[in-house]
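Student: Please assemble the complex out of the two chains, which come individually in their own frames, going by the hints.
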Amino acid sequence: MAHEIKIPEDVDLPASSLWSKLWIIGAGVGALGLVGTFATYSSNQKHIYHSYLFAFMTMLSIALGCLAFVIIQHVVRAGWSAVIRRIAENAMMTLPVFVLLFIPVYVGVHDLYHWSHAESLDDILKAKAPYLNMEFWRIRAVVYFVIWGVLAVFFYRKSTAQDDNQKDPSLTRSMWKASGVAVLLFGLSQTFASFDWLMSEQPHWYSTMFGVYYFAGSMLGAYAFMTLVAKGLQKGGLLKTAITTEHYHDLGKFLFGHTVFWAYIGFSQFFLIWYANIPEETEFFIHRLHHGWETVSYALPLVHFFIPFFFLLSRHVKRHPTGILVGAFYVMAMHILDVWWLVMPNAGGHMGEKIWIDACALLGVGGAFLAVFGFVMNRHKLIAIGDPRLEESLAHENY
Amino acid sequence: MATDMTAQSYGDVNLEDPVSGRELLIRGNHDFHYVTEAVCSVAEMKLLDTPKPWVFGWMLAVSVLAFLGSLILYLIWEGVGIWGNNNPVGWGWPIVNFVFWVGIGHAGTLISAILYLFRQKWRTSINRYAEAMTIFAVICALVFPGIHVGRIWLAYWLLPLPNQMDMWVNFRSPLLWDVFAVGTYFTVSLLFWFTGLVPDFATLRDRAQHKVAQVLYGIVAMGWRGSQRHWNHYEKAYQIMACFSAPLVLSVHTVVSFDFAVSQLPGWHTTIFPPYFVAGAIFSGFAMVQTLVIPARAWLGLKHIVTIKHIENMNKIILLTGSLVGYAYTMEFFMAWYSGNEYEGFTFINRMFGPYWWAYWIMMSCNVFSPQFYWFKKLRTNITFSFILSIFVNIGMWFERFVITVTSLANDFLISSWDYFVPTWVDISMFIGSFGLFFTLFLLFVRFFPVIAIAEAKSVMPEADPHYHPPHDDHPAPAAAASA
Numbered sequence: 000m001a002h003e004i005k006i007p008e009d010v011d012l013p014a015s016s017l018w019s020k021l022w023i024i025g026a027g028v029g030a031l032g033l034v035g036t037f038a039t040y041s042s043n044q045k046h047i048y049h050s051y052l053f054a055f056m057t058m059l060s061i062a063l064g065c066l067a068f069v070i071i072q073h074v075v076r077a078g079w080s081a082v083i084r085r086i087a088e089n090a091m092m093t094l095p096v097f098v099l100l101f102i103p104v105y106v107g108v109h110d111l112y113h114w115s116h117a118e119s120l121d122d123i124l125k126a127k128a129p130y131l132n133m134e135f136w137r138i139r140a141v142v143y144f145v146i147w148g149v150l151a152v153f154f155y156r157k158s159t160a161q162d163d164n165q166k167d168p169s170l171t172r173s174m175w176k177a178s179g180v181a182v183l184l185f186g187l188s189q190t191f192a193s194f195d196w197l198m199s200e201q202p203h204w205y206s207t208m209f210g211v212y213y214f215a216g217s218m219l220g221a222y223a224f225m226t227l228v229a230k231g232l233q234k235g236g237l238l239k240t241a242i243t244t245e246h247y248h249d250l251g252k253f254l255f256g257h258t259v260f261w262a263y264i265g266f267s268q269f270f271l272i273w274y275a276n277i278p279e280e281t282e283f284f285i286h287r288l289h290h291g292w293e294t295v296s297y298a299l300p301l302v303h304f305f306i307p308f309f310f311l312l313s314r315h316v317k318r319h320p321t322g323i324l325v326g327a328f329y330v331m332a333m334h335i336l337d338v339w340w341l342v343m344p345n346a347g348g349h350m351g352e353k354i355w356i357d358a359c360a361l362l363g364v365g366g367a368f369l370a371v372f373g374f375v376m377n378r379h380k381l382i383a384i385g386d387p388r389l390e391e392s393l394a395h396e397n398y
Numbered sequence: 000m001a002t003d004m005t006a007q008s009y010g011d012v013n014l015e016d017p018v019s020g021r022e023l024l025i026r027g028n029h030d031f032h033y034v035t036e037a038v039c040s041v042a043e044m045k046l047l048d049t050p051k052p053w054v055f056g057w058m059l060a061v062s063v064l065a066f067l068g069s070l071i072l073y074l075i076w077e078g079v080g081i082w083g084n085n086n087p088v089g090w091g092w093p094i095v096n097f098v099f100w101v102g103i104g105h106a107g108t109l110i111s112a113i114l115y116l117f118r119q120k121w122r123t124s125i126n127r128y129a130e131a132m133t134i135f136a137v138i139c140a141l142v143f144p145g146i147h148v149g150r151i152w153l154a155y156w157l158l159p160l161p162n163q164m165d166m167w168v169n170f171r172s173p174l175l176w177d178v179f180a181v182g183t184y185f186t187v188s189l190l191f192w193f194t195g196l197v198p199d200f201a202t203l204r205d206r207a208q209h210k211v212a213q214v215l216y217g218i219v220a221m222g223w224r225g226s227q228r229h230w231n232h233y234e235k236a237y238q239i240m241a242c243f244s245a246p247l248v249l250s251v252h253t254v255v256s257f258d259f260a261v262s263q264l265p266g267w268h269t270t271i272f273p274p275y276f277v278a279g280a281i282f283s284g285f286a287m288v289q290t291l292v293i294p295a296r297a298w299l300g301l302k303h304i305v306t307i308k309h310i311e312n313m314n315k316i317i318l319l320t321g322s323l324v325g326y327a328y329t330m331e332f333f334m335a336w337y338s339g340n341e342y343e344g345f346t347f348i349n350r351m352f353g354p355y356w357w358a359y360w361i362m363m364s365c366n367v368f369s370p371q372f373y374w375f376k377k378l379r380t381n382i383t384f385s386f387i388l389s390i391f392v393n394i395g396m397w398f399e400r401f402v403i404t405v406t407s408l409a410n411d412f413l414i415s416s417w418d419y420f421v422p423t424w425v426d427i428s429m430f431i432g433s434f435g436l437f438f439t440l441f442l443l444f445v446r447f448f449p450v451i452a453i454a455e456a457k458s459v460m461p462e463a464d465p466h467y468h469p470p471h472d473d474h475p476a477p478a479a480a481a482s483a
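Residue numbers (numbering that gives the first Met the number 0), protein chains in the order written: chain A, 0 to 398; chain B, 0 to 483.
One chain only, chain B, in its complex shape (with noise of 0.2 Å):
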């Protein structure tokens, strides 16, 4: 055990980037066996011995979750007037919500797909927590539109099914894009997990003490028995499935920036949105991941798994779409000045200055100005400061959407039809409500599956380096060092 209190404490010691050769990703000198132990002794515990903050934690999430189905039953009830939603401003919070959750949505496929491409190895500490971070708000997001159609029982609709009335969902408009792009997005991403989930699985099964989970595991891990033949196809299926994921991670907010910017709207129509969105959207992902993976590491004793140096190298990621996000704000405002066109440079100067000028600057400070912090080493590999920032960027992302999404409503082109948007408790509720869902999911898979992807992490050891030598010539490495 004190070995392990020293790996654990070393995983937070920050070091000098090597200008040569490369920091190890796994920190301390262990062996594959100890990741594997590591990563599930969390989900191997017997129920009882659940730990009592998670129980805690869980039901906390779970009755939130219950507020949230109720409050969905009163909107069926009631309809969707019980919302702030007022004339000009008929996308109010639930629009909000659901690029906030979609958004979010992307730091999986970005980690898991793009740096996977990218071969940046520094990914397989943190992909699982973030993929299934991934799957989680994706479903968040589905909520929101989902019961924004009014008459919820004919949501199916959405979706272009052959009916005797002929009658066909419109290809032209960028609602349905989004169906077609979050539904792929979410598909694929499932599958995606789900692939890198299988051998993982399959060495749950293999340890499981009981009955029940090794039943479990044993269907979820579909056959897989590590063979050599497996691996092979493993590894063709995951890097195909990241070229057909990379596209998607683009194209899900870049279309979800059409139900914007194709319109007309001052503030919602301009060229930039497309990449813009895509750079909130990582974002906002990252930040995600940081608040979640901060406590998380802690908790489950993975610190020397997911290093210092991974949230390092998360926080210039934040740093760097942070910035790009601000130089999108740049832009659009230059934009409405230099386009001479009376009605964008309203928007813009009402943004900052109108009766929403609140939300702006909480935008900009908390996307804009807060991530500059992290030009500094000192602050970029603090923990608690990172904690702390990542709850800023989540704010921040969530009021860029409001303010898009609510500004431009608000004060369109008729002043006669102006009104000041206020959210109603229901809004406010269903909001929280949404988190309720998501830490429900998380929780669970934080309790139940392996959250460190057991066999990527291995691959990335030294010893699986088929030239690897222990250092100590009296314990050799074990056999399994050549195969991985």
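Chain A with its partners taken away, still in its complex shape (with noise of 0.2 Å):
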């Protein structure tokens, strides 16, 4: 352990560093994105909203993920991930710009939801309807923003004021209060909100496990994005002594436990429905394993479990630079993968089909994020400097 624990300087994002001008760029690169997403709305409306739902729930979930994440570390009461936090925070400060990026799904929403057409039900969905109508789902919708935003800036806010009021004791102490509360509010929200944007574009199929799958999703698109952003601002000169090969290794472990809870999950969800073989359950299975999406189902467990899972059990890998790098822009593709296999094969057409639409939504939405990310990154310290758990985090060592 070192003796002596220097406390970084250079954690103040210079305005020369490519970093403070990310926000410049993701504007841009999201304008061209949704330009070129809507570009041909006349012939390809249904495609053009199944996609932007694609790139939504993909950065929704990385913005998720940092939120739980940020959470978890203050009711666990974690000291090893004090310099690695604010990564975490600026991005779930993204959250309350999902309510402009929403727009598209509200505009959409009879391209997406089968059931929002009230005055062609069948019995089903007419016994559904208590809880799948328009009102309601704008409601909660609501509901889910407010949480989410309310969380983010409460967390936010008294962690930023850390930084200036050194270590006051007292704003860890209430971030620790309300953590508890908040995993609970955490947990129901995004739950209902993957019921309401992702499992009801199949109306008639449920899975009790399904807010499980998207959280497991969620989490592993956060720690990818906190470690290659960590990767970056290093690279960019920035924080050079401040996250350590020891944060990266345990950024590694985390990326390899999920790797694996993913898989439970998906694996668990799975094989029960495979298993009882009940057709309204099926459906979702039968779904993705016609037009081309079977390749997809397939190749699933192996590149997103098999491969990162064998990749990533190495510590050489872990703690080596350029080896963490890698795992997590894979860990990140994966996701991006599985995001999309959740919603694309609700756009009816075959597996990769217009994909070049799928790929600018998610350049759109994931420049919009970006900005946002860039713009609140530029505003603070790179790293919680005043967390009373500073010298911990960094002296922090895996044993």
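Incorrect hints may appear among the rest.
Computed, partial: chain B to chain A, Cβ under 10 Å [claimed, not checked]:
| id | residue |
| --- | --- |
| 1 | Val18 |
| 2 | Leu116 |
| 3 | Phe185 |
| 4 | Thr186 |
| 5 | His209 |
| 6 | Leu249 |
| 7 | Thr253 |
| 8 | Ser262 |
| 9 | Ile271 |
| 10 | Pro273 |
| 11 | Pro274 |
| 12 | Leu319 |
| 13 | Tyr337 |
| 14 | Gly339 |
| 15 | Lys377 |
No wet-lab data here; the hints were simulated from the structure. All C-beta atoms in this analysis are idealised placements derived from N, C-alpha and C, irrespective of residue type, glycine included.
Tutor: Structure (structure tokens):
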């Protein structure tokens, strides 16, 4: 253990850094992406909304995963993560802006959700109407955004207030205090949001596990995102001493652990439905075993579980500067593939059809996400410099 | 002795979580030797000096165990008709008891493996108890499917043994997966527990005053001499075993949940079952650890090693897992309606307001409502309250398995086959009997085993830091501090 813990000084984003311009770059990419997405609106309306939903749910999962990460750090009184928590805090501050990003989903509701056509529903969907109806769906969306916005702003404000107000323990204590209830609010809102926006795309289908499945993926996305940003900041000459191999090692462990968790949840969901073979449940998988989607369905266990599992299993890889970078990139790509597989089969086309629209949408929403992320990052220190556990985190060592 | 008393009561003092730095896990200003003394003194007590309450408790447990034994003989003689299982409810109390005990057997390996991998140092004070409890609970669990097979003398057919009839077990049956899952879990947990015990057995061997004790502890210590090389191997072995045990914590109850969930029965078949069962198992396991550890720490004088902080941490896990179980109930309930499937919907309404409404509401109040008290630090750190609540959770988790098993079977698709399940006196007595088995083993453990992982507990004391300086320079720290 180091005897002298040096408080890092490269924690302000200099105006010369490319990172400080991320918001402009993100906004530019986002604008271009969105233009590209909606360019062929008249001929590809249904596909476009699905592409957009895919991009929206992907980026939302990362923002939500980061919010969950921050909450969990407080609820378990974590020390190791103090130097990387700010990255997640900045990312979760994109959540309020998702209200704006939600507009196309809101507008495209009739193309996305069959149940929204109240006039032409079968008996089962009529029975579900007390939940799946436009008014209640809107109200719920408002509730989710309010919960996420309030939680994000609360934890962000407290944490940044600590930057100037060095190590004020009362701020940490108030975050601890709120974190328990935050877990509860987060868990429920995240679950029902995934029901509303993803599961109800196939309105007859249902799975009690679905909320957990989306959560598992969102944590993967969040850990991969944090790792990539941390690496990127260090490449840009920042936080040189603050984030060490030890932190990457731990991020790698979480990437590994959540890869296993995702596989566990995904397998359980698939396996129970396959084994019982009840028609109203198998619908989800049958849909994904046709029109080319079978390639993705069969590949997912391999590319989303076995490959990252064996890759990230190695301690050497998790501590290797390039190894962890490759791992995080790969996991992020697989997470995007997973959400794509959740959403796009519902668009009705063949796998990979008009994939350029999906790519544009991802650039569009992703760019907007990064723009907000970059904007928020410019406003405060790059790490939670005033966290009372900062020294513990700086001296963190895996043993 | 006076300092001991202060140290003892100090273990109950509720301290505020420090914002920076970490609270001392072993309270009082003790050196390594003190921990050895405190833990070993129980096991080293002369046989004739064994406290009367222990003797009484153990004899009671053995009598209950003997009762279980005679009931099993009765069962073998008469057949499973002496149970309350009836035509729709083919799985009654035996399965409920099996799942109940297997669930309890989850906290041990969670604490020893998963909390180890998460570097949760507070685990060192409670892992030994929890692991022991795991082993004994799994033994209790294994009794029930073992005697449920009907022709018990053919119970070995559960295993895929080559035979001249070319008759194989049904690999597609989750009940067979159970045999593998629980068998693996038991074996690995036992080895894990034993590995941790070896250095402590060696301590007891080296301190033994009696030849018999020395030889017996010597055998189980397997030649441990505490050399640097031994410790090196030990640490590696422990970590690797932790990595192998961690997925087992999840797999066992996942497979147990498959017993139900691969079926097409409403209330059994739902995709959230695997993680929901795992959360429930951890919930009940921690409750049982509380039930055992709270009296034990007082009677064995270990309050400064198992402090209020440990109890509070476990209570937090109980709150978390209890709420996760509540989340799962909510999802099941919501989906039963959302599915639009009338059988699903009926099953859940029937659970709440049907003939077993009382079981459902016992389950809800004990598992979901009662842990909510732990939102308040005052209650989380109240020892009496924690003890009482842990018993409520145990009750609730037994009822959860009862609700799942019985309500879905008793009122299935065909109304003409419905029947109300009533347990017989044999059902009830066998369940009580399993506690006899459990406590017989547990009390033996408490009396003759090192109940705290001595070596591990020392490793979380400040003295274990090579840079540690004792507060008074005229009393240098023991030389051992540097090597630990």
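Student: Out of the numbered hints, which ones does the structure contradict?
Tutor: 3, 4, 5 and 15
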